[in-house]
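J.: For reference, the chains in residue letters:
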Amino acid sequence: MADEALFLLLHSEMVAGLYRAAEQGEGENGRCITKLENMGFRVGQGLIERFTKDTARFKDELDIMKFICKDFWTTVFKKQIDNLRTNHQGIYVLQDNKFRLLTQMSAGKQYLEHAPKYLAFTCGLIRGGLSNLGIKSIVTAEVSTMPACK
Amino acid sequence: SRELFVLTYGALVAQLCKDYEKDEDVNTCLDRMGYGIGVRLIEDFLARSAVKKCRSYSETAEMIAQVAFKMYLGVTPSVSCTSAAGDEFSLILDKNPLVDFVEELPAERASLCYCNLLCGVIRGALEMVHLAAEVTFLQDKLKGDAVTEIGIIFLKKTEDKKHKRN
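Protein chains in written order, with the UniProt record's numbering: chain A, 1 to 150; chain B, 1 to 166.
It should be emphasised that the hints constitute simulated quantities derived from the structure, not laboratory data. Mixed in with the good hints, there may be bad ones.
[Claimed, not checked] DEER-style ranges, computed between Cβ atoms:
1. B:GLU59 / A:ASP60: 36 to 46 Å
2. A:ASN97 / B:VAL67: 29 to 39 Å
3. B:TYR20 / A:LYS136: 30 to 40 Å
4. A:ASP82 / B:ARG48: 49 to 59 Å
5. B:LEU138 / A:SER137: 42 to 52 Å
6. A:GLY90 / B:ALA14: 26 to 36 Å
Quick caveat, the model's predicted, so the values are computed rather than measured. Glycine residues also receive a C-beta, built at the ideal position from the N, C-alpha and C atoms.
Can you build the whole structure from these sequences, using the hints too?
T.: See below:
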């Protein structure tokens, strides 16, 4: 769908633009990631509101995580999360083997260090979504081999 | 879905407003980002639409309005030619999806061009097909005008650089 292309491009531009600004003016690297995450947070909050308007109440945390993995991820990235693991004590690992925002970059070690920039927005997205569903969380991302990420 | 794009755009503008005090800086930033998107979006557009080469400025303007806008934003602005020479056009949008979730501009941001990204996108895309243009917002619903109007002025065609390449 054409919308996807638009969003992907906007996202890349956002990352590039923020870093460009940081290089020219003050502002260290860490702040850019925070900014991206905060943007994702706002968007996540808004999105989850619209998606869950008509769905039934969630039974428990696991239910919410499943919703994020299936419906939420599908609407945003057109695919489901490939793997969800949990230790049933509040830690969940979502694995996406072909993360949409990373597929455009070459698979290999070259760009591994830049990958976190692209994941910051999505982390914020998840955190925002969860926060509006009543869950406080910390979301981190890890990339070991492109384009998979956890 | 489009909502994701619109919401992301909103968050982006909000962040830029925090980073830059002056409206012109935010506008410039949005325009530059739009340009970066435009130069890549044109490829996506051409791949998806497989349209033939446009033979005149007015065909190009129609193409932007009727095909591209519809494809990416789901709306079709109306095109009108605003100069006798046939190189100035205006696209009139009475529904702008980018501002779906925006009620009004805050008072201290009166000269913010919320949708300036669009101007950059059009400019970048046109440049990739060797058409230099100036794209600006002539009217903006968010600022109280009746409709949103984007003006495209086609500048002199950029020279074919094929024979100058070394």
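J.: Would you mind marking each hint as holding or not holding in the structure?
T.: A quick look at each hint next to the structure:
{"no.": "1", "hint": "B:GLU59 / A:ASP60: 36 to 46 Å", "in the structure": "58 Å, violated"}
{"no.": "2", "hint": "A:ASN97 / B:VAL67: 29 to 39 Å", "in the structure": "35 Å, holds"}
{"no.": "3", "hint": "B:TYR20 / A:LYS136: 30 to 40 Å", "in the structure": "31 Å, holds"}
{"no.": "4", "hint": "A:ASP82 / B:ARG48: 49 to 59 Å", "in the structure": "28 Å, violated"}
{"no.": "5", "hint": "B:LEU138 / A:SER137: 42 to 52 Å", "in the structure": "45 Å, holds"}
{"no.": "6", "hint": "A:GLY90 / B:ALA14: 26 to 36 Å", "in the structure": "31 Å, holds"}
Going down the numbered hints, you'll see the structure goes against 1 and 4, while the others check out.
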